[in-house]
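Put together the whole structure using the sequences plus the hints.
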Amino acid sequence: MKEITICIDGKKELRVSKRICAYDILSEFEENNDEIIAVKINNETCSLTQVIDINCTLKPIYLKTHEGSAIYRRTLCFVLAAAAQELFPAKRLLVGHSLGYGYYYTFDSDFVLQQKDLENLEKHMRKLIYADHIIKQSYISYNDAIELFEKLNLTETRKQLNYICPPKIPINTLGDFCDLYFAPLLVSTGILKLFELKLYQGGFLLRFPMTAKPDEISDFEDLPQLFSVYDRYKTWGKQLNVSSCASLNALIHERKHKEFIDIVETFQNKTIADIADQIHEREGIRVILIAGPSSSGKTTTSKKLSMQLRALGYTPQIIELDTYYVGRDKTPLDENGDYDYECLEALDVAQLNQDLVALFNGKTIDLPSYDFKDGRRFYTGKQMQLCKEDILILEGIHGLNDRLTPLLPNDIKFKIYLSALTQLNLDDHNRISTSDNRLIRRIVRDSQFRGKTAVDTIKMWPSVQRGEKLHIYPFQGNADAMLNTALDYELAVLKMYAEPLLRAVNPNQVEYSEASRLLRFLSNFLPIPSNLVPGQSLIREFIGGSDFKY
Numbered sequence: 001m002k003e004i005t006i007c008i009d010g011k012k013e014l015r016v017s018k019r020i021c022a023y024d025i026l027s028e029f030e031e032n033n034d035e036i037i038a039v040k041i042n043n044e045t046c047s048l049t050q051v052i053d054i055n056c057t058l059k060p061i062y063l064k065t066h067e068g069s070a071i072y073r074r075t076l077c078f079v080l081a082a083a084a085q086e087l088f089p090a091k092r093l094l095v096g097h098s099l100g101y102g103y104y105y106t107f108d109s110d111f112v113l114q115q116k117d118l119e120n121l122e123k124h125m126r127k128l129i130y131a132d133h134i135i136k137q138s139y140i141s142y143n144d145a146i147e148l149f150e151k152l153n154l155t156e157t158r159k160q161l162n163y164i165c166p167p168k169i170p171i172n173t174l175g176d177f178c179d180l181y182f183a184p185l186l187v188s189t190g191i192l193k194l195f196e197l198k199l200y201q202g203g204f205l206l207r208f209p210m211t212a213k214p215d216e217i218s219d220f221e222d223l224p225q226l227f228s229v230y231d232r233y234k235t236w237g238k239q240l241n242v243s244s245c246a247s248l249n250a251l252i253h254e255r256k257h258k259e260f261i262d263i264v265e266t267f268q269n270k271t272i273a274d275i276a277d278q279i280h281e282r283e284g285i286r287v288i289l290i291a292g293p294s295s296s297g298k299t300t301t302s303k304k305l306s307m308q309l310r311a312l313g314y315t316p317q318i319i320e321l322d323t324y325y326v327g328r329d330k331t332p333l334d335e336n337g338d339y340d341y342e343c344l345e346a347l348d349v350a351q352l353n354q355d356l357v358a359l360f361n362g363k364t365i366d367l368p369s370y371d372f373k374d375g376r377r378f379y380t381g382k383q384m385q386l387c388k389e390d391i392l393i394l395e396g397i398h399g400l401n402d403r404l405t406p407l408l409p410n411d412i413k414f415k416i417y418l419s420a421l422t423q424l425n426l427d428d429h430n431r432i433s434t435s436d437n438r439l440i441r442r443i444v445r446d447s448q449f450r451g452k453t454a455v456d457t458i459k460m461w462p463s464v465q466r467g468e469k470l471h472i473y474p475f476q477g478n479a480d481a482m483l484n485t486a487l488d489y490e491l492a493v494l495k496m497y498a499e500p501l502l503r504a505v506n507p508n509q510v511e512y513s514e515a516s517r518l519l520r521f522l523s524n525f526l527p528i529p530s531n532l533v534p535g536q537s538l539i540r541e542f543i544g545g546s547d548f549k550y
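By this note's numbering, the letter at position 410 of the sequence shown is numbered 410, and the numbering carries on one by one without gaps.
In case anyone wonders, no lab produced these hints; they're calculated from the structure. Heads up, a few of these hints could be off.
Claimed, not checked - With a straight-line cut-off of 27 Å between C-alpha atoms, the simulated DSSO-like cross-links for lysine-lysine are:
1) Lys12 - Lys64
2) Lys123 - Lys193
3) Lys2 - Lys59
4) Lys363 - Lys413
5) Lys91 - Lys136
6) Lys549 - Lys382
7) Lys258 - Lys549
8) Lys452 - Lys549
9) Lys469 - Lys330
10) Lys123 - Lys136
11) Lys382 - Lys11
12) Lys238 - Lys159
13) Lys116 - Lys198
14) Lys116 - Lys193
15) Lys136 - Lys168
16) Lys213 - Lys459
17) Lys91 - Lys198
What the hints assert, rightly or not - Restraint ranges, calculated between C-beta atoms of paired labels, are given here:
18) Gln278 - Arg520: 37 to 43 Å
19) Val510 - Gln448: 20 to 26 Å
20) Gln448 - Gly313: 33 to 39 Å
21) Ile412 - Phe378: 27 to 33 Å
22) Asp456 - Lys238: 35 to 41 Å
Virtual Cβ for every residue (Gly too), placed ideally from N, Cα, C.
As structure tokens, then:
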């Protein structure tokens with residue numbers, strides 16, 4: 001074998017003339033190697049068992065990092081699936097959405113887990129973990145994969161192979177249990193020391209540590225309103241027989257997706273109309289505050305809600321809080337020295353409240369605009385005045401925080417929280433992350449309208465997520481209504497825009513690992529052409545071509 005050069009985390013250089021395992025190198029040359037759980041090879045995330053046979057740079061991934069905790073969670077889900085398969089082989093375990101630093105699970109059919117069942121399941125998981133079993137990643141033939149997943153009763157995983165058909169199928173194996181490979185896992189089960197199972201709402205929660213506190217399980221914070229929204233959508237998806245990536249792909253393959261798009265859009269519009277009815281039933285509402293994390297669709301939702309309110313006889317006017325950014329030169333920095341656009345102090349709260357007081361006193365105000373490319377606020381002469389019958393819609397990430405509007409009485413406010421809670425799963429055991437859904441939306445939007453590359457968006461995403469956890473999620477319990485803005489066909493449309501942007505990220509860039517992961521994720525969806533997306537769809541906010549003006 002030709003001699004290859006391996007650079008270890010930019011510190012050491014090693015020359016070898018034989019194939020070598022990443023773990024063998026890192027265990028010898030890296031300090032705290034017992035905390036290393038995976039590795040980046042030329043900025044691609046890999047298992048520690050990956051064999052190296054090319055010139056490369058190695059960077060260890062530690063448990064106490066964002067990427068490390070994601071690998072921990074994925075492996076924990078895999079071990080849960082293995083334990084459930086052994087204890088309840090005739091039942092299908094189904095993963096749901098995230099809730100309170102955990103994932104919600106149910107079993108298919110009418111099987112409801114009892115406390116004793118849950119205790120046995122947790123005990124079996126801990127047995128698998130204590131034994132420190134090796135988790136093997138390997139490839140099997142397409143035909144063998146079909147036979148395997150049918151044998152294991154992994155219905156949705158098997159169906160997905162009707163549409164994603166490589167000759168070799170990657171799988172993860174733990175004992176007699178196998179599952180489809182989507183992303184790297186831990187090399188063995190022994191690291192999974194912290195988790196808990198908790199009965200919840202006809203199913204149960206698999207709970208795990210926060211990234212910021214990897215040595216403890218936080219207290220459970222129930223969010224019944226958020227769960228109710230998700231449960232409603234999940235039930236609706238089952239009624240339509242579209243609850244997985246495979247079932248969506250089946251519609252696309254059979255050319256039935258146009259009708260599904262229309263149904264999905266109608267359902268979302270009806271939900272927005274229901275919220276408008278709630279506002280109408282509450283006397284004295286003058287301000288509607290729409291909040292939610294980045295790329296949850298706040299702007300389009302405000303415009304759609306405005307239309308519904310007009311149908312009820314109101315005259316709504318909209319202020320986008322993004323136009324009140326203080327400007328890049330005045331934006332606070334986070335602990336890493338990056339611009340913190342997610343904190344409340346990034347907005348000119350004083351000017352906003354001065355304008356709000358003026359509006360409700362019948363005065364005319366000058367509305368600001370904001371240039372995201374130049375990072376500056378400016379005025380174009382656009383003005384606003386509220387009449388007595390008018391209702392004001394404020395949309396932005398801080399809408400549920402009363403510190404945003406301290407001069408307005410609470411009894412005139414109606415607060416709406418948005419989140420993109422897709423009810424689709426990749427398959428039985430692998431969920432679609434709300435965060436991934438929003439990140440892909442943002443990559444597309446930032447490229448279309450803000451002059452940013454995928455690298456730019458990926459680079460700032462961890463800061464965005466930190467800001468959301470600090471400034472948005474703590475206030476979601478204050479909402480009077482919650483709206484799920486996910487459209488269950490959207491990833492099939494967004495992939496057409498996102499894939500070229502993600503492919504432009506090269507292995508020399510730190511963001512390559514995330515771009516590569518998102519490309520693998522999007523490869524699970526068959527494409528839907530964007531001309532089928534209605535002009536007033538929320539997805540038009542990200543891909544362009546909307547009937548609304550932004």
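**Request:** Any hints from earlier that this structure breaks? Give me their numbers in increasing order, please.
**Result:** Violated: hint 11 alone.
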